[in-house]
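The residues making up each chain are set out below.
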Amino acid sequence: MRAERMSKHEGGFRLESGGLLIDRDKPIAFFLNGESLLGWRGDTLASALLAAGRTLTPPSPRYGRPRALYTAGAEEPNAIYQIEDRRGALARRPATMTPLRPGLKAFAAGLPAANAGGIRGRAAPLLDRFSVFSPKAATPSEGMSHDEGAEEELNFFTDVLVIGGGVAGIAAAKAAVASGARTLLVEQAAHFGGRALGDGGKIGGRRAQTWIEKEIEALKAAPEATLRRCAEALTLGDVDGALILERPAAPGPLRRLWRARAQRVVLATGAVERPMVFVDNDLPGVMTAAAMRDYLTLYGAAAGQRIALFANNDDAYLTAIRLAEAGLEIAAIVDPRAGSEGDLPRRAAAMGLPIRSGSVVARAVGAPRPGGRIEAVEIAALRRSGRLGAAETVSCDALAVSGGWSPALALWTGAGGPLAFDDTTLMLKPDPSQAEIETSGGAGLAPAGAAAGAARLAEAVASGLAAGRSAAKAAGFTPARLTAPKAEEAREEPILPLWFAPGQPAFSEGERHFVDLASDLTVEEVERAARGGAESLDALGAAVGLPGPLGAFSATQALALIGDVRNAPLDALARRERSRSRAPAPPRPPLFQPERITPMQGWHEAHGAVFAKEADWRTPLCFLRQSGPDGEMEDEEEASVREIRLARRGVGAVDASSLAKFLIRGPEAARLLDEVFAEPMSGLGAGRCGVGVIAREDGPALAEAVAARLDDQGWRVYAPAAVGEALASLLRESAVDRRAYVADVTDVWGHIALVGPKSRALLERLCELDLSDEALPPLGWIDAALAGCPVRLLRLAQGGGLGYEIAVPASAALSFWRRLFEAGETLGLQPIGAAARDALRIERGRPAPQQEADGKARPADLGAAASGGAAEADRWALVGLEPEDADQPLPEGAALFPGDGGGVLRYFLASADGADQPLGRVTSSCWSPTLGRAIALGLVAGGAARFGETVHLHDGDGRLMRSRVVRPRFVEPDEQKDDGWRPL
Amino acid sequence: MGERFEDQLSETEKAFGARRRSALEGIAPPRRRADGAGLDIVEAERGVILLRAPLGESGVAEALQAAFGPTPEIGRARFSGPDGWLRLADDEAWSLCEVERVDENAANLRDALEKAAPGGAALVEPISDGLAILQVSGPAVRETLAKGAAVDLHPAAFGAGEVRRAAIGAVRAVFYPLEEGDADGGERFEILCPRSQAPALYRWLLSAGTAGVLTGAIPGARREA
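In order, the protein sequence lines correspond to chains V and A.
Following our numbering, the numbering of the first sequence begins with 743 at its first residue and continues without gaps.
Following our numbering, the numbering of the second sequence begins with 92 at its first residue and continues without gaps.
The hints are simulated quantities; they were obtained by calculation from the structure and are not laboratory data.
Please note that the accuracy of each hint is not assured.
What follows is a set of in silico ranges between Cβ atoms, one per label pair, in the way DEER data are often shown [what the hints assert, rightly or not]:
| no. | chain 1 | residue 1 | chain 2 | residue 2 | range |
| --- | --- | --- | --- | --- | --- |
| 1 | V | Glu1714 | A | Gly150 | 30 to 36 Å |
| 2 | V | Glu1439 | A | Pro246 | 46 to 52 Å |
| 3 | A | Arg192 | V | Ser1424 | 32 to 38 Å |
| 4 | A | Ile165 | V | Gly1441 | 31 to 37 Å |
| 5 | V | Arg1308 | A | Ile165 | 44 to 50 Å |
| 6 | A | Ile165 | V | Ala992 | 42 to 48 Å |
| 7 | A | Arg192 | V | Glu1178 | 53 to 59 Å |
| 8 | V | Gly1570 | A | Glu253 | 52 to 58 Å |
| 9 | V | Ser1424 | A | Pro246 | 38 to 44 Å |
| 10 | V | Asp1377 | A | Val133 | 42 to 48 Å |
| 11 | V | Gly852 | A | Val133 | 37 to 43 Å |
| 12 | A | Arg192 | V | Glu1337 | 49 to 55 Å |
| 13 | A | Val133 | V | Glu1337 | 32 to 38 Å |
Even glycine gets a Cβ: it sits at the ideal position worked out from N, Cα and C.
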């Protein structure tokens, strides 16, 4: 009967009663590797798996050893599963920190069949998802609104941020709130209370659980307080504040990233129980003592029927007492101390529990089968020599271990907080001589409670209250007077340092003593690294090749082992452990990228536009039309060629509203413009425009831009969208300490470029104005009413020939655009996209940002005459390129070489002697329908000095191309010809 | 091909007249309520004039006060009827008025500044054409804004009479609580954002105002609970 029960419950089971956090009326079905299992509401995935006897986890990373659930907290090294979120995406999460929810699906690779009774054939396809899974392909679970966001950010401002919702954190929040400070309290688990919730004790005469519930209720009712569960502080951050990742229960986003800016941070992150280090201390069935009693007290789940305990401190005896009270058998309490007179050991003795003082567990003995769990422990007396006496084998089906407690200080060390070692409590804790530091964001940071080494109930509450008061005070509030409530708890005898239980025979191994389970770090490896000179955890990590920093679960043991080998006091080592590797920043949710659209966007969409992105703007690349009588649609190339021809022969309209536009006004506006333009602009009169290259002082050219003089003190600057941001900051910088103001008016104006010989005829249909060359000469502008709409009309043709630009108020731009097309219908007006606009520019040799203005070219290199004369011989300057094969456009970006073409080959054969460095580069390339051939612009060393030479390049497909270097202007307007253009 | 687009226009054209067109034309109906969290978004019209001048300098402040009432302190807003001032920086304020009066008001401002400091640097420019104005109300309004803006939205830190300039999502905006709430007595914020990004901000508001339940973390949002 008993044996049958044992096998049925192997790996853990649920007791018939008990469990503070679970609701036994609310069953929840969930899945592990496709096997359907049941838990209760309030369970974590870990507690439900323990209760279901499914505690085996993926095998250890380096040695492939079988592993199982080891803890009940965030420090869990083994039970990391692939867990499907509510949207169907898989992520690695510790089962201990995953609240159970209906239909939750967890997957673990590499479980032996013994643990996977229910998987059978169904597992295979499910496990396949590890490699092929795509979150988008998954169907959302039932009951989720389709609009529900997966990720969300919340900016939150508070006076005090308390991290950790145990008794110290609750006390700190209580004190801060009572002082009037806005307070955010975050707890990473699904419940508040921390260790005291299960471990009990009395605070202010009340049971700890009652005290916790009352205080949380009071905080929830306080308007200054905000409380969050399932919210993990990732980093203390900088100017963006602390990053806190909340995983709200449904309904709600899957993850909510809080950017919490606080003046003061209280770190009440508690402590983590350390495992004992002995031979095969990683066997399935070994678990920390506190975790074992948490599962029992909070979830009514037991890890075994006959349990042994191995601990060097009083606190762990509570586990044995609780288990025995629940009717489970205690196989042995193994304590290396000579005998403790503390309250808990005495109570255990009084209950008749078998205490083996002065002894250690020399080895955990596993069942001889794959994934075999612990079935016995070898217990031996620890002699004063450090050697072991004869071992005795005691059978058990679970082993609770406790090596004492370590403050959880990842955030503290991440912020550069100093550490010290406390020889009495054996804790690696914040250096008490420097109780507060400042985060890089400037918030004061102070640890409290167990995180500060104050792990006992009374001191934790007192320390929390004090930290909350001083945080409120530092944030400018008068701290409330609160007296620390009296706490009752067990009297304890001191802990014994035992960092490493030797095996049998003594000191002969170490390769099966695990210091850190998550990384398979053994005692042998730590000692070898220490002998090799490692004196810090970082040096150890580097020597062994650890994937990340060791956490509180294993850092103290590792440091102690290093200290043993190096013969260095632990405190000295601890004080050197400053600013260890920071916790990696969480992946940011994809940044919302606001797209900018012009006022004519809707019209473009309705007229066949193909869009491209230009800076942040959605810009029409070309407008597809039906071509021919059979109603076939053009492709993009055909459309662009048609649009270029139209611009050279008829009239076309470009929506240039994305141009960056700036208004500059003030007595010193003209001087400001002279500073940012390579050509002097101050000589222009009102009503005139100048075209010039914008550059930082002695720096590279940004772009070609237009400056229009409005009046004595006012200017308007138009520049390509691609340099909008750069130009805005350049202008702002230049305006500092100048009597001139700059305003970005990009959005205020729609902007339309009319190009082509018929553009004047079109304008004449919209107004009665005299538009002759005398009234509106090239580079002039006037204010006018076109089609009843007040506009600014500029005589500008960036693509050469006849052209106008019309600045129209943005709110009227669409109406105007439509009027324009009504009026231009019989003139054959058509819209023109960015591709054709760019070809017109190349035909005229105008530099474009990021192509010719490549971040290196200076204004002089691009032909800006006034900026220091001709280009220097060795500098790359703007040239035109005519490919020898007129039908073959040159590849943009291709390197150019002089001579016979051998240089190209040698360059691509990667000879490094410098003789074959490229002469230049193709920057823009297109097919010109005006000329009927391919043309390009490039930057070539020497510039104009090379006109007429032939250069070579590689077409990217292994073929050599030849091109002639020419003047960078391919076409000129010709009044005599019908189509108005002649080649140069 | 253009028909569908013309259909989309009709409603907003009626709302904004034949010439002036909404920044959300064809994208959003004039009034839209976000599902779930209850966010009401209405597009509004205002005349806005950008004023850059040394507003703290003696003479300038007095001249403006005489003509337009006192200029508020930095970060403060002042309204009287359709008119108002948003003081955004030491040397920057936005003047609000009815949209029809924007050119006239701009001319008056220029005159006042020229008289106060002849030949001084000043920039006065109507910018309402470049702005979309969204009035957002509902119980989720503060929390929705907090999702996107690094601004303390606690009512004690940001109440009526105050204005902030910050990116919401990644859209640079100027926003402030209005003194008058919505019909249900809820709070109402006005957001001024670049016209070209209004559709992006609108969509962001809808999704941020809908996603998930309220956290209740920003007190203004507690009203409903």
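To see whether the hints hold, each was checked on the structure:
Between Glu1714(V) and Gly150(A) the CB atoms are about 55 Å apart, so this pair departs from the stated range of 30 to 36 Å. Judged by the Cβ atoms, the range 46 to 52 Å given for Glu1439(V) and Pro246(A) holds: they are separated by roughly 47 Å. About 35 Å separates the C-beta atoms of Arg192(A) and Ser1424(V), a value consistent with the hinted range of 32 to 38 Å. As the Cβ distance of Ile165(A) to Gly1441(V) is approximately 34 Å, the hint placing it in 31 to 37 Å holds.
At about 59 Å, the beta-carbon gap between Arg1308(V) and Ile165(A) misses the expected band of 44 to 50 Å. Judged by the Cβ atoms, the range 42 to 48 Å given for Ile165(A) and Ala992(V) holds: they are separated by roughly 43 Å. Between Arg192(A) and Glu1178(V) the Cβ separation comes to about 56 Å, which falls inside the hinted range of 53 to 59 Å. The supplied range of 52 to 58 Å is met by Gly1570(V) and Glu253(A), whose beta-carbon atoms lie about 55 Å from each other.
In this structure the hint that Ser1424(V) and Pro246(A) lie 38 to 44 Å apart at CB is violated, the actual value being about 51 Å. Separated by about 43 Å at the C-beta atoms, Asp1377(V) and Val133(A) satisfy the suggested range of 42 to 48 Å. Between Gly852(V) and Val133(A) the C-beta distance comes to about 57 Å, which lies outside the given range of 37 to 43 Å. At roughly 33 Å, the beta-carbon separation of Arg192(A) and Glu1337(V) lies outside the given 49 to 55 Å, and the hint is violated.
Between Val133(A) and Glu1337(V) the C-beta distance comes to about 23 Å, which lies outside the given range of 32 to 38 Å.
In the structure shown, a violation is registered for the earlier hints numbered 1, 5, 9, 11, 12 and 13, in ascending order.
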